[in-house]
Amino acid sequence: MALAENNFEEIKKRVFDAYKKEELIINEFREYARRLKNEVKPIRPYSVNAVSFVSSDGGDNRLYFNPATVELVRVVDSRGNQCALDAIASNSKASDLNTRVERSSPLLVEPLRKLCHDLNTNVVSLSYLLNGLGEPGKSTGAIRVYRDIIEWAVLYDLMKYREWGSDTIIVREGMLRTKSFKRDIFPKIDHLIREAYKEHKKRNITVSMVGVAKQNAVLSRLSVALELEETFHKPYPCYVQVPKDIEEKCYNFDRTWLDTLETSEPNEDGKYLYQSMGKLFLVKFGNRPFDPIWPVDIAEWQLDEADKILGQLTQDAQPGFPIPDFPMCIQKAHDFARVNGLEVDILQDILFEGITQNLSAKEKEKILRMKYLGQNLTKIRYRNA
393 MALAENNFEE
403 IKKRVFDAYK
413 KEELIINEFR
423 EYARRLKNEV
433 KPIRPYSVNA
443 VSFVSSDGGD
453 NRLYFNPATV
463 ELVRVVDSRG
473 NQCALDAIAS
483 NSKASDLNTR
493 VERSSPLLVE
503 PLRKLCHDLN
513 TNVVSLSYLL
523 NGLGEPGKST
533 GAIRVYRDII
543 EWAVLYDLMK
553 YREWGSDTII
563 VREGMLRTKS
573 FKRDIFPKID
583 HLIREAYKEH
593 KKRNITVSMV
603 GVAKQNAVLS
613 RLSVALELEE
623 TFHKPYPCYV
633 QVPKDIEEKC
643 YNFDRTWLDT
653 LETSEPNEDG
663 KYLYQSMGKL
673 FLVKFGNRPF
683 DPIWPVDIAE
693 WQLDEADKIL
703 GQLTQDAQPG
713 FPIPDFPMCI
723 QKAHDFARVN
733 GLEVDILQDI
743 LFEGITQNLS
753 AKEKEKILRM
763 KYLGQNLTKI
773 RYRNA
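The sequence shown runs 393 to 777 under our numbering.
There could be a bad hint or two in this list.
Claimed, not checked - Here are the in silico distance ranges between beta carbons for each label pair: (1) P658 to F408: 42 to 52 Å; (2) A605 to E640: 13 to 23 Å; (3) E414 to E591: 19 to 29 Å; (4) F400 to P716: 34 to 44 Å; (5) K594 to N441: 31 to 41 Å; (6) G472 to N750: 35 to 45 Å; (7) P627 to E527: 28 to 38 Å; (8) E640 to L751: 54 to 64 Å; (9) P681 to W556: 30 to 40 Å; (10) F713 to E587: 35 to 45 Å; (11) E402 to E619: 22 to 32 Å; (12) K433 to T532: 18 to 28 Å.
Unchecked claim - Listed next, the in silico DSS-like pairs over lysine-lysine satisfying Cα-Cα at most 25 Å (straight line): (13) K636 to K429; (14) K594 to K429; (15) K700 to K606; (16) K530 to K552; (17) K433 to K756; (18) K433 to K485; (19) K571 to K552; (20) K606 to K641; (21) K636 to K580; (22) K636 to K606; (23) K552 to K593; (24) K506 to K433.
None of these hints come from the bench; they were simulated from the model.
Note that CB positions come from ideal geometry on N, CA and C, so glycine has one too.
Sequences are here, hints too, so could you generate the full structure?
What follows is the structure in structure tokens.
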């Protein structure tokens with residue numbers, strides 16, 4: 393029965409009554425928005441060499457020929473360079489990933505090898521979540537974690553092993569924090585990246601690192617309050633750093649997601665366990681009052697350079713297309729990383745060849761007949777319309 397026919401007025405009353413309990417939260421978040429409004433600062437653009445990298449979407453890189461499934465993990469930078477490539481079978485085991493860091497292996501993933509070598513560990517030891525690979529209900533999540541680890545390996549490679557001739561900003565799509573690594577592994581990665589930053593500085597080159605997302609929990613929770621209080625309604629690019637107490641109110645994660653080296657406390661063994669190296673800013677890159685606001689992480693060790701870093705990012709974001717006022721380097725990397733329909737068809741054919749290579753000619757003919765006659769004819773009809 394339709395909602396309008398089923399006592400709509402009673403439902404409306406109950407919704408309004410429920411909202412009254414939420415009104416306190418709205419008012420609390422409006423107070424946060426007023427606090428942020430008093431701290432908003434203008435951005436002055438700076439020229440810089442901006443480089444980003446993007447992993448192709450998992451759904452675009454999943455190849456099927458039931459019961460076989462293969463996931464492609466592919467990372468491309470904003471200059472069109474392929475930074476990392478791997479293919480994971482649906483029945484792979486976590487231990488199979490360790491071959492990706494063996495120099496002699498045909499499955500070598502070089503950025504991952506460099507990261508594991510410098511950490512003196514293998515791939516599986518990077519994350520507990522990788523152990524779900526090959527297990528029903530956990531495998532998809534494990535591959536998602538593996539893709540994130542590959543992205544961090546590429547970020548590390550760009551920071552440590554690339555020679556940059558001028559000041560450069562490396563832009564990660566996503567925040568500078570992750571749950572993919574073990575809590576005792578992430579601090580080691582943080583240390584290595586900080587050392588790489590210092591090495592560039594010795595050559596009078598500043599290689600900055602930021603994370604930019606399209607959405608996060610803080611922006612989602614604050615969005616209504618920010619609009620009501622007109623926090624970012626400025627005719628110029630502007631930003632504000634989010635205080636820790638406001639950020640904590642918006643997240644339901646444990647502190648390892650929020651704490652960096654500077655804000656965490658050592659455990660009983662004297663070790664620092666945390667999973668973030670960034671501080672959160674809300675940024676409007678556009679010149680108009682209603683331009684979009686984006687969450688941006690700036691590395692903890694570069695907070696005193698936030699004005700310049702965001703100015704450099706603004707220079708890259710303002711020409712953004714098709715997403716307005718969003719870093720153009722990320723959008724370029726997406727264009728290069730995207731796998732189109734024809735490419736997917738070619739990859740599906742490669743998978744088919746792999747499946748049938750050990751079959752007899754008669755068996756291969758059966759599979760070939762099934763492949764084409766068993767397709768969804770309605771789907772093909774509309775795809776070719």
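### Message
Taking the earlier hints as the rules, which of them does this structure contradict?
### Response
3, 5, 7, 12, 14, 16, 17, 18, 24
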